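Chains as they are written, first to last, in the working numbering: chain A, 1 to 197; chain B, 1 to 263.
No lab work stands behind these hints, which were simulated from the structure alone.
Among the clues, some could well be false.
Unchecked claim - Some, not all, of what chain A presents toward chain B, calculated at C-beta under 7 Å: (1) Y18; (2) G21; (3) R35; (4) V60; (5) A67; (6) R70; (7) A134; (8) A161; (9) L163; (10) R176.
In this text the structure is predicted, and so the values were computed from the model without any measurement.
Positions of the beta carbon are idealized from the N, C-alpha and C atoms, including for glycine.
The primary structure of each chain is shown beneath.
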Amino acid sequence: MHGDSTTPQTIGAEVRRYRDGDSGAAEALAARAARLSLRTAAALLSSRDEASDVSQDVAVDVLRSLAKLRDPEAFDAWVHRITVRHALRRVKRRRGRHAAETPLALLPEAAEPVAPGEIDRDAVLAARQALADAFASLPPKQRLALALRYVHDLPDAEIAAALGCRVGTVHALLSRGRGTLRHDPQLAELALAFGGN
Amino acid sequence: MSGTNDHDLLRAAFAPARTLEPSPVEVARVMARVPAPRRPRRFPMAGNRRRFAATALAALLALCAGVYAVPATRAAIEGAADSVADAFRGYQRGDTKDTPGRPLTGRDRAPEYFGDRYDGRRFARQPRVLAAAGGYRLFAYRSPSGSLSFDLGDTGVGMGFPSADAIGPGALVVLGAGAMRHADAEGHVPLFGLVADSVSEVELVYDAGPPLRRAGVEGGFVLLASPARGPREVLALDAAGRVVGRQLVDDSPHGLRIDWGRY
């Protein structure tokens, strides 16, 4: 997780404490599951409220099904897997209703530090808006693959585990997603501001 | 876009999502929907012994639930500075200056017995409306004996407390839905309760679907609950959005148990 020094071993220990009846561990795991899920859902959905609903449902499912998790160190992967299921269900349910809305996570937010120091801030904000427009046109699985990569920095194998597909499929989803975005004229122009050629 | 700058641009574009955090209220909602973790049984038990242990555990849980519903968030709840008892202590002495709610108006359709005479005086003294929703009202009044009474609208139920302190030490008391099976035309059931002065919002958490929120509460609340969605717990929040009280809706310390399946 971004800015998170928690290791899988620490999380695994938390899961074991939960299984031993530690209610403090339950709350810590609920918060972690909600955080991971909220970030993924926000990258897909247009309102924080909706992302919040998804993340809470996910956290509840995660805690209720924790007994089925064989490897406590795989807690995050378990959360991502359940998040994908809930997020896809939500996208399907609202398809057509909010199709024109901009994903919340991509909206420009003027007062927020968003980029590494060397990247031009105006370009970042402009890129977010352009990306929001282009992102909305991608199929849900491509969007999820991109979100898991660029929100959580997950490697292909972990994205594959979350999406329930092969690593090669993830590679294809990411490539196609980036390819579609690359062909967006506005994004292509903005990419130059990031030092592209 | 191409090469490394693809990744930089996408990572920068997704930056807001990377910093999102669930609020304490959101986490509390999750905790309200999951059972407390159970310590695993280390040794198998024989049938009679297992049944005895299960009964004892159930009795212990039932005993503790009203006072200590969700230990995981106890620290947050203990931050509550005041209580329901504090809110009504002055009212019990006849001082309405700082009492929550407002005096009755002609349009409030108070129960008829409010106007009865007792020892030459009205039965319901200094009656007030603490909350209203969908035609239901939560009334407060002092009875001739000096006790504090709360009338759950026109659902046929009133609850009396010999003193403000008897209401309870917490920032939230769910009084109940009334003993009569009372639902409005859309099947909503009015759920009544009292809150401390510090509480500005209450939230009813369901087993399924989004919670029902009511902001701007002052001393009491009426929530129109949907029985079909499994009303589970009421959270009390202060102005900063912190959870300062919580109570399972079917576990009132005052003895009202709600069988939502009957509505």
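Against the structure, the hints come out as follows:
1. Among the interface hints, the one on Y18(A) holds; its C-beta lies about 5 Å from the nearest C-beta in chain B, closer than the 7 Å criterion.
2. Checking G21(A) against chain B: minimum C-beta separation of about 3 Å stays under 7 Å; hint holds.
3. With a cut of 7 Å, the hint placing R35(A) at the interface with chain B holds, because the nearest CB-to-CB distance is about 6 Å.
4. Proximity of V60(A) to chain B holds as hinted, the smallest CB-CB distance being about 5 Å (cut-off 7 Å).
5. The criterion of a C-beta within 7 Å of any C-beta in chain B is not met by A67(A), whose closest approach is roughly 10 Å, and the hint is violated.
6. Annotation: R70(A) was flagged as interfacial toward chain B, and the flag is violated, the nearest CB pair being 16 Å apart, outside 7 Å.
7. The criterion of a C-beta within 7 Å of any C-beta in chain B is not met by A134(A), whose closest approach is roughly 10 Å, and the hint is violated.
8. Annotation: A161(A) was flagged as interfacial toward chain B, and the flag is violated, the nearest CB pair being 20 Å apart, outside 7 Å.
9. A hinted interface residue such as L163(A) counts as satisfied when its beta carbon comes closer than 7 Å to some beta carbon of chain B; here the least separation is about 17 Å, so the hint is violated.
10. About 13 Å separates the beta-carbon of R176(A) from the nearest beta-carbon of chain B, more than 7 Å, and the hint is not met.
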